[in-house]
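K.L.:
One-letter residues, chain by chain:
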Amino acid sequence: MLRHKFIIFFAAATISGFFSNVVNSAGVAVKPGEEAWTTNGVFGSFDRKQLKRGWQVYNEVCAGCHSIRLIYYRNLAEMGFSPNEIKKIAGSVEVPAGPNEDGETHKDDEPIMRPGKAFDRVVSPYANKIAARVANGGALPPDLSLMTKARINGANYVHALLTGFKEAPSGFKLSDGMHYNPYYPGGQIAMAAPLSAEAVEYSDGTKATVEQMSKDVTAFLIWTAEPELEERKRLGIKVIFFLIIFTAMLFAVKRQIWSRLK
Amino acid sequence: MTKPTWKNPVVKWIDHRLPIFTFIDHSAIQHPTPRNLNYFWNFGSLLGFILVVMIASGIILSMNYTANASLAFDSVERIMRDVNYGWLIRYVHMNGASMFFIVVYLHIFRGLYYGSYKQPRELLWIIGILIFLTMMATAFLGYVLPWGQMSFWGATVITNLFSVIPFFGDTIVTWLWSGFSVDNPTLNKFFSLHYLLPFIIFGLVFIHLWALHTHGSNNPTGIDVKGDKDEIPFHPYYTVKDAFGLGFFLVIFLGFVFFAPNFFGEPDNYIEANPLVTPPHIVPEWYFLPYYAILRAVPDNFIDVWGWLPVIIPAKTAGVICMFASILLLAALPWLDTSKVRSANYRPTYFWLYWIFLINTIILGFVGAKPAEGAWLLIGRLSTLYYFLHLLVLIPLVGRFEKTKPLPDSISSSVISVSTKDEEPANA
Amino acid sequence: MVTTSQDKKKETVDDTKRDFLLYSTYTVGAVGALAAAWPFIDSMNPSKDVLALASTELDLSSVEEGQSITAMWRGKPVFIRKRTADEIKLAKSIKLSELKDPQSDGDRVQKDQWLVLVGICTHLGCIPSGQKGGDVKGDFNGWFCPCHGSHYDTSGRIRKGPAPKNLDVPPYRFTNETNIIIG
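For the protein sequence lines, the chains are A, B and C, in the order given. In this text, residue positions in the first sequence follow this note's numbering: the first is 319, and each later residue adds one. In this text, residue positions in the second sequence follow this note's numbering: the first is 3, and each later residue adds one. In this text, residue positions in the third sequence follow this note's numbering: the first is 320, and each later residue adds one.
Hints listed in this document are in silico derivations from the structure and should not be mistaken for laboratory results. Be a bit skeptical, because a hint or two may be false.
Simulated restraints on C-beta separations [unchecked claim]:
| # | chain 1 | residue 1 | chain 2 | residue 2 | range |
| --- | --- | --- | --- | --- | --- |
| 1 | B | Leu198 | C | Pro396 | 33 to 41 Å |
| 2 | B | Pro277 | C | Asp378 | 40 to 48 Å |
| 3 | A | Val413 | C | Phe493 | 21 to 29 Å |
| 4 | C | Glu384 | B | Asn186 | 49 to 57 Å |
| 5 | A | Arg578 | B | Pro373 | 56 to 64 Å |
| 6 | A | Arg578 | B | Pro6 | 14 to 22 Å |
If you want the ones that stay clear, here's a sample from chain B, every Cβ over 12 Å from chain A, calculated [what the hints assert, rightly or not]:
| # | residue |
| --- | --- |
| 7 | Lys228 |
| 8 | Ile323 |
| 9 | Leu394 |
| 10 | Ser416 |
In silico SDA-like pairs for lysine to any residue, Cα to Cα no more than 20 Å straight-line [stated by the list, open to error]:
| # | chain 1 | residue 1 | chain 2 | residue 2 |
| --- | --- | --- | --- | --- |
| 11 | A | Lys406 | C | Asn495 |
| 12 | A | Lys406 | C | Thr375 |
| 13 | A | Lys551 | B | Phe258 |
| 14 | A | Lys556 | C | Ala354 |
| 15 | A | Lys551 | B | His95 |
| 16 | A | Lys447 | B | Pro281 |
| 17 | A | Lys405 | C | Leu377 |
| 18 | A | Lys405 | C | Val369 |
| 19 | A | Lys467 | B | Phe261 |
| 20 | A | Lys370 | A | Gly523 |
| 21 | A | Lys447 | B | Asn276 |
| 22 | A | Lys405 | C | Glu376 |
| 23 | C | Lys367 | A | Arg550 |
| 24 | A | Lys405 | C | Asn495 |
| 25 | A | Lys551 | C | Gly351 |
| 26 | C | Lys367 | A | Arg387 |
| 27 | A | Lys556 | C | Thr346 |
| 28 | C | Lys367 | A | Asn402 |
| 29 | C | Lys367 | B | Met65 |
| 30 | C | Lys336 | A | Trp576 |
| 31 | C | Lys367 | B | Asn66 |
| 32 | C | Lys336 | B | Tyr239 |
| 33 | A | Lys370 | A | Ala381 |
| 34 | A | Lys556 | B | Val253 |
| 35 | A | Lys467 | B | Ser100 |
| 36 | C | Lys367 | A | Ser400 |
| 37 | A | Lys551 | B | Gly257 |
| 38 | A | Lys467 | B | Gly257 |
Even for Gly, the Cβ is constructed at its ideal location relative to N, Cα and C.
Looking at chain A on its own, in the form it has when it is part of the complex (with noise of 0.2 Å):
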């Protein structure tokens, strides 16, 4: 029957158009490839070895500029740090110390300090974002706590992002200042290449190769962004599973009560 038909037709259309997202990216940019992220998945989780190298990318390479400032010391404990290896860690750095007895914040004109402590958030490179846009000649470092769910395809691109600086192909106009990047809007980025070979040392023994280290920071970025994804995954299996079952046996019910109408 036609009418049947088209209404498989139009049910079909729907759910294709559904999920082929509706929004369009912004700019002209280059597809990121797709990679297997250890968090992808019904079943992903963290790979906790590799958090903690990517902990150490941003810490030696990112962390120069960019803050991650929805992440408190504390949180590294999910990573699988102990609590006296983050209270190293966050005593390595100093926070300011608030007023004194006397009342004082400065002493000297320098900010009085104090050592960082399991509840402070992990120190930003900057005090201000115009102090960090005057460190950055204008262009502002964002902040990367977010980052892969702040960006289409956010882990995807965070990952092409820093593995695609290249030179630029002849003609393609780079303004001063600027670096090329397919994969960025417009193509051109105001950060240079921030990984080399090598530039981290790996306690590990994981050869810091750039793809290694960007793949490494990306599952960081990954894990700060979005740090319920593992109890997220493991609780909605669970919900899941339970509700198809009830489901089914509501469907038991409601069959055996309507078949009292024939």
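Let chain A serve as the given structure and place chains B and C on it in line with the hints.
P.N.:
Just chains B and C now, with coordinates in the frame of chain A:
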């Protein structure tokens, strides 16, 4: 319908003074309901369920949310990271909004297909549209609260729509903002209203149900109930059917919550609001896209097209008027539709018009997500034109000239003929 | 219609089956509803950021004998007093039978010199005075609650006034001679 006799002395005592148990018994247990309702009649109770979930999760969120422009974004992230199960409650609320609209659209298009808006259910339909409008307002206000880039710029663009009002436009926009741009006072106000409106929806839902229970549900044949054989008590038949539908819905809903929680969202809203940087594309939430397309479809040179009209209506205004008209016109549908037959199953011409209208609306949705230029603009304009053509011309005309199919004698006879022919269950 | 006994039997079996399915569905549904309520209830328990501040670490090396400091712990004041030899002696000399809430000084301190108390009067929750040199310390040289006149001694025990109990001792431990973690 018999008056129940209560055995429990406490229930009896209360019911004699406040007949609340009798009321529940009449409206949710014995309530006679057409026996042939299909699964498209599940969405009403489902919407009630979603409303309760939204209010419950919203109240919990508000316990941890801070309506302050410099703290709002971080307070949402604190909910996501530090509050126990905060991520779950927030994702339920976020995806619940999208589910709310998916189900309400199904509910509305069910009504359009089966002619549920026709005499004597006109008011029921109009109250439904009021609920829909209040929902849209609530959703818009709620989207501002996380104070991300899309929150901020969405609020800026939508509130600016009111600047087209002649003479008072700027004053009204300033009043809406409680300032000279979308800022802290705006956020505070929006939070207050976002908390208020759901309770107004709750009240409207009761009036909606009151009107529904006055004449009872429409049904797939669209013919009136003729006798006891046509009806069955709401409980257990439709309670169990609704429960099954709810289970099915929860699998989909929570599937999104747990495995694709940001599917309906905009990445830009994970960037904190910045009044100095506009995102490259400002897109409203998906459920507003068709109206957004209509808004942008009206040509700038509207003035030339209409000649004398701009004296009253400046160009920018026309788009806004069209957008609001596209919803308000639906309220006039009971009178625009001249056909006496309700269900599209017995209206061969309207059947096709219905589906074309539905597809046209979806096309408008796609256009709303695209930049208003080139082919997209053209498609948007044609679709907008067709939207109004359907409601204002085709619907009134088709009712006059259409040759409808013969209606079944009664609801029960239609059910029996179906079940003997296709061996489908009685409710198919 | 005449029903045979066999028909009846079949009906009962069907009924039992139906009831079993119905009641097990009810049960599963109830379990699901309870489980769904848990996240909402648990969201009102202390969150991670609150718990992160649930213990307070202090360096006491700058506190001198006879001096008290006030620290904040879980939103409450904590009195830490470096007691003098006289104060310790006074606290230990009292007979338990004379006390309203009998408790020996040894049960209230880990190190004789350091007295750690939650600085909230056990009567109606006021903050007793006695932390600073010039403060009123009450009849027993400890703390005095100005609200209703409760007197606490040099071990923070109630000696006179309406308060029913001694000042609470919070959980704490010393990580070394002068470093203390409360909570």
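K.L.:
Of the numbered hints stated earlier in the document, which are not met by this structure?
P.N.:
none
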